[in-house]
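Q: Just need the whole structure built from these sequences, with the hints factored in.
Now for the letters of each chain:
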Amino acid sequence: MIKIQGLHKSFGSHEILKGIDLEVNKSEVVVVIGPSGSGKSTLLRCVNYLEVPTAGKIFIDGEQIEPSTNINRIRAEVGMVFQHFNLFPHMTVLQNIMLAPLKVRRQDPKEAETQARELLARVGLSEKADAFPDELSGGQQQRVAIARALAMRPKIMLFDEPTSALDPEMVNEVLDVMRDLAESGMTMMCVTHEMGFARQVADRVLFVDEGQILEQGTPEQMFSNPQSERAKDFLSKIL
Amino acid sequence: MFDLELIFNSLPLLGLGALVTMEITAVAVAFGVCIGLFIGIAELSSYAWLRLPAKVYVDFIRGTPLLVQIFIIYFALPALIGMRIEPFVAAVTACSINSGAYVAEIFRSGIQSIDRGQREAGRSLGLTWGQTMIFIIIPQAFRRIIPQLGNEFIAMLKDSSLVSVIGFEELTRKGQLIIASTYGSLEIWTAVAILYLIMTLSISRLVAYLEKKFNTKKVS
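One line per chain: the protein sequences are A and B, in this order.
Quick note: the first sequence uses my numbering, first residue 1, plus one each step.
Quick note: the second sequence uses my numbering, first residue 1001, plus one each step.
Okay, the calculated beta carbon distance ranges per label pair: (1) A:GLU23 - B:PRO1053: 41 to 51 Å; (2) B:ARG1051 - A:PRO67: 13 to 23 Å; (3) A:ALA131 - B:CYS1034: 31 to 41 Å; (4) A:GLU15 - B:LEU1067: 47 to 57 Å; (5) B:GLY1117 - A:ALA131: 13 to 23 Å; (6) A:SER137 - B:GLU1023: 49 to 59 Å; (7) A:PRO109 - B:LEU1206: 28 to 38 Å; (8) B:VAL1165 - A:ALA131: 54 to 64 Å; (9) B:PHE1038 - A:PRO67: 20 to 30 Å.
If you're looking for bench data, these hints aren't it; they were derived computationally from the structure.
Glycine included, every Cβ here is placed at the ideal spot set by N, Cα and C.
A: So, in structure tokens, the structure goes:
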């Protein structure tokens, strides 16, 4: 579903990603962990070209992203959830969810609204359809953001530290939604510090350090028997 | 000493002048907002061929007096194009071009003040750059810059008195003409000042109302 070959990304003279090769299969849930500044968010953001790679190839569903590619068409297939939710504050929850289906997919407004309400029910926020984002708690905002991404019926979902900005008591409501999504067969790539979630839901865990995938394996392997010193050190600090 | 009757007799003419002042200001600011929106966006462009001309325009207009700009358009431009320009056209053109530069800076800072996560959220959903601007960035920026746009409106209203020098009969020019035939400097300039004050205070009230109205729909 996602194939990355020799991905490099530099900001100025600072090289963040130093050659990443990765394949993510359909319905696979890959959790990316690693110390801050290791490049894991940049890796995620390269997948939908929010960051343009310095070198390397990215294939989404078999199609290579090139300068000539209509990137908007690819992005429509790849949902993204951000650390800070990034809901549109001047629109209601319903309008937030309906915007892209209406403008990008040219969906019928009635159909878009029906779908938006279904998605809100799915994330447990039916009664908040007409609320504005700043009337919601952080956890509720993030669930709306997930619904907004799902409204495009993406083939892949990217999560960039979706629970890092949340108060502790709101983390689980968001993880629950992500867990349901994983069980429904969504292809997912998540950057997260929630090791409980990784252990439970991930098919594979990647340990990224200094711009490279240092180690990868099943959650079982990674958490109970990490090979590299860096991974051991990192995991001993957060587990 | 202070001839109130002169003021009352002059009010219809001065009122007419005030209306013309309102008209030229409204037209200039309306054009200014259109120009300013495009120039402001151009200033933020990653393309140098868009960004540089926009910067030159803003610097030139903000770095030279409006009075000189009016002279250039009314006196110098006709010599260049070999065609006389009507005072109204010259006045509106000069004020619009002038206002555009100030509004451009207002829009630029307004757009820059919107968190870049908003743009990223829009783009990640597959919206084009233009759609992201129109549906996400500009509506939020616009709400934020209402107070500054109000200030620009008020500044333009006062500065429009400068077009009196090319004989365009707005409020200040009407005052001058009445004084020329009545010698009532004290009364007429007092009346003119009060009329300007009424207009500027009305605008700031209106802006305060709009600000409140838009803020009920929250902007983070």
